[in-house]
Amino acid sequence: MNDLKAYKKDLKSLFASQHTGVLATQQDGQPYTSLVAFASSEDLKDLFFATMRATRKFANLSPDSRVAMLIDNRSNIPSDFQWAMGVTVTGRAEELADPEKQTSLTAYLAKHPHLEDFVSSPGCAFLRIRVDTYYVVTRFQKVVEIHVRS
Amino acid sequence: MNLTLPLHKVNEPDRQRVGGKGFALAMMARESLTVPEAICITTEAYHQYMRSTGLRDNLVMVLYRKAFKDMRWEEIWDAALRIRNLFLKTAIPTELRAILAPPIESTFAEKAVSVRSSAPGEDSSKTSFAGLHESYVNIRGTEAIFEHIRLVWASLWSDRALLYRQELGLDVDKSAMAVVVQEMISGERSGVVFGRSPVDESQAVVEAVYGLNQGLVDGTVEPDRWILRRNTGQILSHSPAQREKVLNPAPLGTRLENLPPELREKAPLTESDVSDVFQLAMRAESFFKSPQDVEWTYLKKRLHALQSRPITTGATPDGDERLRYLSLHRSFDNLKELWTKIEKDLIPAMEAEAAILADIDLTGLSDADLADEIERRIGIHKKWQDAYWRDCIPFAHGMRMFGQVYNDVVHPKDPFEFMDLLKGTRMVSIQRNQILEDLAGWLRKDPQLAECLRLKGLEDCDSAFREAFNNLSNTFGDLTWGETSFIQDPRQLVGFLLEMTDRPPKNGSKPLKDIDSLEGNFLSLFEEAQKTYATEMLDLARASYRLRDDDNIYLGKIEGQMRNTLNEGKRRIERVFGTDLGALETKEILKTLRNRHRKPKKSSPPPPGAPTQGLKENFHIKARQIVGQPAGPGIAFGKARVVLEPADLFAFKTGEILVCDAVDPNMTFVVPLAAGIVERRGGMLIHGAIIAREYGLPCVTGVAGAATSIKTGDTVTVDGYLGIVIIGETRLEKKKGPDEITRNA
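Residue numbers (our numbering), protein chains in the order written: chain A, 134 to 283; chain B, 9 to 753.
Mixed in with the good hints there might be a few duds.
[As the list claims (entries may be wrong)] Distance condition first, Cα-Cα at most 35 Å in a straight line; then the derived DSBU-like pairs of lysine-lysine:
1) A:K141 - B:K647
2) B:K630 - A:K141
3) A:K190 - B:K630
4) A:K178 - B:K349
5) A:K244 - B:K17
6) B:K647 - A:K178
7) B:K182 - B:K17
8) B:K182 - A:K142
9) A:K142 - B:K17
10) A:K178 - B:K308
11) A:K145 - B:K309
12) B:K77 - A:K145
13) B:K595 - A:K275
14) B:K630 - A:K234
15) B:K97 - A:K142
16) B:K390 - A:K275
17) A:K275 - A:K244
18) B:K421 - A:K141
19) B:K719 - A:K145
20) B:K17 - A:K178
21) B:K97 - A:K275
22) B:K182 - A:K138
23) A:K275 - B:K421
24) A:K138 - B:K421
25) A:K138 - B:K719
26) A:K145 - B:K595
27) A:K141 - B:K661
28) A:K138 - B:K647
29) B:K630 - A:K138
30) A:K275 - B:K17
31) B:K390 - B:K97
32) B:K77 - A:K275
No lab work stands behind these hints, which were simulated from the structure alone.
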């Protein structure tokens with residue numbers, strides 16, 4: 134499907150252009166959102182982010198690892214409705230340990246070099262989101278689902 | 009900032025802000041040519057209006073809701089109408105008015121003016137897009153001038169301009185339109201001079217008509233033509249026109265009238281006038297520094313230059329589909345002639361031809377004669393198809409023309425309100441559906457008959473019912489779609505009737521009680537003298553709306569007669585070679601009929617789809633929400649029935665959503681069963697949308713890949729207000745909205 138190819142290309146360039154995304158977790162049914170610096174794997178199957186273990190989002194993940202993340206390229210102007218692309222990612226988050234951690238972390242730091250001290254501090258966890266589905270919204274209302282694992 | 013500039017204040021640096029037309033007029037005025045007094049409304053005024061009213065953001069929403077490459081011309085027209093309505097509804101803000109009004113009022117007071125588009129860059133000699141933007145003549149009074157300034161601004165986004173958006177570099181943030189408000193010169197004789205002929209560089213051309221030159225420019229009045237030698241001005245030839253019509257100023261702009269007999273024999277220009285007009289072009293060329301095409305008019309012997317632009321050399325490439333679309337724009341008078349031709353001439357002739365064909369007993373023909381008859385009928389069908397394209401398709405423009413007139417006078421909130429006024433015109437397909445509904449009603453009252461039909465079939469049950477059933481084909485022709493002829497094999501249609509009886513009766517074409525009040529309101533907005541025109545326009549639009557559908561039905565009758573011969577041929581071949589031949593191509597049928605010993609080749613199976621090697625790939629993509637065009641208000645929720653072939657039609661169940669490439673008029677009989685319609689073809693005024701409106705069904709058109717992204721059995725939500733289709737289970741709260749949400753799943 135050429136469509137899929139085109140969408141993958143768009144996803145890659147969106148993920149390259151955006152530094153942060155909005156991560157949603159939940160506790161007892163109460164949704165909770167946080168801004169996180171993210172990176173994507175080359176094959177689009179995983180996303181990565183880092184957080185302190187003491188944060189509320191990290192605490193929320195231990196009883197329920199399901200997350201959603203919003204990544205978009207809006208410019209905060211009215212024409213965003215037509216031109217911005219918004220992607221909602223759903224999947225499960227898990228903390229990575231070596232050796233897996235090293236390869237992914239290298240890629241992550243290539244995108245966010247200024248976070249080197251942050252991610253190497255002992256209180257910081259490095260997490261992977263295994264993506265289930267991308268929900269891609271363009272032109273305000275055009276929506277496609279890209280299923281990665283299902 | 010300069011929001012307005014009188015001609016004498018326009019200088020070289022103002023070229024962009026006053027646009028091509030305004031700048032050329034200023035140049036001519038400076039060179040002491042006689043030009044009408046004029047004020048330029050600059051592009052800054054346009055930008056200020058767009059910014060301060062928020063219209064720019066609205067424009068983005070309308071224009072970019074779908075990718076242009078996915079839009080057909082019908083959708084582009086609809087978008088342009090929506091945009092035009094936005095401009096009509098959005099008044100010029102008070103602060104801006106306070107700046108624009110004084111110079112306009114002091115210059116023109118109550119004098120009639122022309123309000124003309126003056127697009128920046130349109131004077132470049134590389135491009136010629138004359139006629140993409142609007143100009144209005146014979147406008148009087150500040151209010152009317154302001155309204156027409158907005159219409160000229162809107163025409164930056166006209167359907168024609170949108171077709172050429174790439175060449176024009178149209179961009180909501182950057183593009184702008186300047187306007188020239190110009191004293192109206194009601195000349196007695198007008199025309200155009202080409203300082204250099206587009207076909208022969210050594211020649212110049214003068215064209216002239218009586219009355220306003222708009223008649224010449226839009227092609228409604230044929231001009232006299234003179235060819236001159238460019239370097240000497242010597243007249244080489246004169247081709248007189250059939251002088252019959254003249255375009256004169258009228259309360260609503262202009263009116264086409266008969267030319268008084270005494271003028272018919274007399275050329276509009278004397279030889280000395282022709283020379284003066286030619287000299288005008290030469291003067292213009294001397295200071296514009298390139299050959300010019302100048303519009304001019306004679307008022308009481310005085311020659312006025314109305315506008316000048318460089319002669320363009322860029323030819324439009326052949327086969328540009330857009331030219332065909334542009335040719336669909338017709339004048340009111342042209343449409344009236346088409347109407348007469350279609351209703352008085354084409355349709356009766358099609359009916360007569362279909363009746364003659366129906367009388368021929370095909371079973372009595374020899375095989376060779378049958379082959380000849382097949383070819384003859386293919387030819388007949390082709391002939392009527394051509395006539396349909398030539399005359400019927402352009403006539404559909406009547407609805408569009410009316411829509412614009414309606415919006416101009418009524419200023420409705422919904423730009424497509426005018427469609428409601430056109431409903432209930434007794435379309436043939438609606439009448440046909442009524443007969444089906446009557447037959448279903450018969451079965452509802454007589455369950456025993458229904459049971460008999462279910463078990464035994466049409467031949468072995470009530471003969472009165474059978475007769476009524478067969479009458480359907482006598483009145484409306486065979487229901488034909490593709491290869492299937494329903495009357496020859498009544499089983500499917502009987503099954504369909506039984507499905508109809510299982511749901512409560514439903515009548516199409518419920519005339520809205522407010523049609524009368526819409527009509528009354530529309531007509532009341534015209535002055536007494538214009539009421540005839542308004543009524544004629546409404547009648548024309550109603551005919552255009554009704555015939556948009558009817559002409560297809562009549563063409564369907566001819567096609568049905570063509571199919572009958574093919575089916576007869578196929579039956580004869582099957583008697584010899586068996587019935588496992590599958591679909592046969594026409595040329596195979598013909599060859600075998602002419603040579604009984606030759607076994608027909610089966611048609612090759614359709615090429616397999618894309619290779620399925622991608623299966624290992626984990627990724628798969630699914631459409632969730634597709635943006636189309638809102639074509640019938642309402643929200644429907646139900647199982648999709650994707651109609652690709654006749655069998656899909658007969659499998660149709662009450663409450664399903666009809667999903668198809670295009671609602672063929674011969675498919676309309678299932679519409680009363682449907683809860684909503686989704687169609688790939690786009691637009692508000694296409695057949696499917698018209699039928700949906702007649703039945704009050706939610707409808708979304710222009711859904712790219714409708715019949716491939718959606719599968720039969722998918723749960724879909726059709727939002728006919730917003731023009732969106734959502735695929736998959738949706739937990740819709742059942743709220744009482746403006747219309748109750750219909751749930752049929």
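Outcome of the hint check:
A threshold of 35 Å between alpha carbons decides the hint, and for K141 of chain A with K647 of chain B the separation of about 30 Å falls inside it, so the pair holds. Taking the CA atoms of K630 of chain B and K141 of chain A, the gap is about 13 Å. The hint holds against a cut of 35 Å. Straight-line distance between C-alpha atoms of K190 of chain A and K630 of chain B comes to about 31 Å, which keeps the hinted pair within the 35 Å bound. For the proposed pair K178 of chain A and K349 of chain B, the alpha carbon gap of about 64 Å is over 35 Å, so the pair is violated.
Of the pairs offered as hints, the one joining K244 of chain A and K17 of chain B is violated, with about 57 Å between alpha carbons and a cut-off of 35 Å exceeded. Between K647 of chain B and K178 of chain A, the direct Cα distance comes to roughly 33 Å. Compliance with the 35 Å bound is thereby established for this hinted pair. Restraint check: the Cα-Cα separation between K182 of chain B and K17 of chain B comes to about 25 Å, which is no more than 35 Å; the hinted pair holds. For the hint pairing K182 of chain B with K142 of chain A, the CA-to-CA distance comes to about 29 Å; that is within 35 Å, so the pair holds.
A distance of roughly 53 Å separates the Cα atoms of K142 of chain A and K17 of chain B; the hinted pair therefore is violated under the 35 Å criterion. Among the hinted pairs, K178 of chain A with K308 of chain B is inconsistent with the structure: their alpha-carbon atoms are about 80 Å apart, more than 35 Å. Of the supplied pair hints, the one linking K145 of chain A and K309 of chain B is violated, its CA atoms being roughly 71 Å apart against a limit of 35 Å. For the given pair, K77 of chain B sits about 24 Å from K145 of chain A by alpha-carbon distance, which is consistent with the 35 Å threshold.
Simply put, K595 of chain B and K275 of chain A have alpha-carbon atoms about 44 Å apart, too far for the 35 Å limit, and the pair is violated. Taking the CA atoms of K630 of chain B and K234 of chain A, the gap is near 32 Å; set against the 35 Å cutoff, the hint holds. The straight-line distance between the Cα atoms of K97 of chain B and K142 of chain A is roughly 41 Å, outside the 35 Å bound, and the hint therefore fails. Taking the CA atoms of K390 of chain B and K275 of chain A, the gap is about 40 Å. The hint is violated against a cut of 35 Å.
Distance hint between K275 of chain A and K244 of chain A is fulfilled; the C-alpha atoms sit about 29 Å from each other, no more than 35 Å. The hinted pair formed by K421 of chain B and K141 of chain A fails the criterion: a straight-line CA distance of about 41 Å is larger than 35 Å. Restraint check for K719 of chain B and K145 of chain A: the C-alpha separation of about 29 Å stays at or below 35 Å, so the hint holds. For a cut-off of 35 Å, the pair hint linking K17 of chain B to K178 of chain A is broken: about 65 Å separates their Cα positions.
Only pairs whose Cα atoms come within 35 Å are accepted, and K97 of chain B paired with K275 of chain A is accepted, the gap being roughly 28 Å. Taking the CA atoms of K182 of chain B and K138 of chain A, the gap is about 32 Å. The hint holds against a cut of 35 Å. For the given pair, K275 of chain A sits about 26 Å from K421 of chain B by alpha-carbon distance, which is consistent with the 35 Å threshold. Pair hint K138 of chain A plus K421 of chain B does not hold up; C-alpha atoms about 42 Å apart against a cutoff of 35 Å.
Pair hint K138 of chain A plus K719 of chain B holds up; C-alpha atoms about 22 Å apart against a cutoff of 35 Å. Between K145 of chain A and K595 of chain B, the direct Cα distance comes to roughly 51 Å. Violation of the 35 Å bound is thereby established for this hinted pair. Our distance criterion of 35 Å between C-alpha atoms is broken by K141 of chain A and K661 of chain B, whose separation comes to about 38 Å. Of the supplied pair hints, the one linking K138 of chain A and K647 of chain B holds, its CA atoms being roughly 30 Å apart against a limit of 35 Å.
Restraint check: the Cα-Cα separation between K630 of chain B and K138 of chain A comes to about 13 Å, which is no more than 35 Å; the hinted pair holds. As the CA atoms of K275 of chain A and K17 of chain B are separated by approximately 49 Å, the hinted pair breaks the 35 Å bound. Annotation: proposed proximity of K390 of chain B to K97 of chain B is violated, straight-line Cα distance about 46 Å (limit 35 Å). Simply put, K77 of chain B and K275 of chain A have alpha-carbon atoms about 15 Å apart, close enough for the 35 Å limit, and the pair holds.
In the structure shown, a violation is registered for the earlier hints numbered 4, 5, 9, 10, 11, 13, 15, 16, 18, 20, 24, 26, 27, 30, 31, in ascending order.
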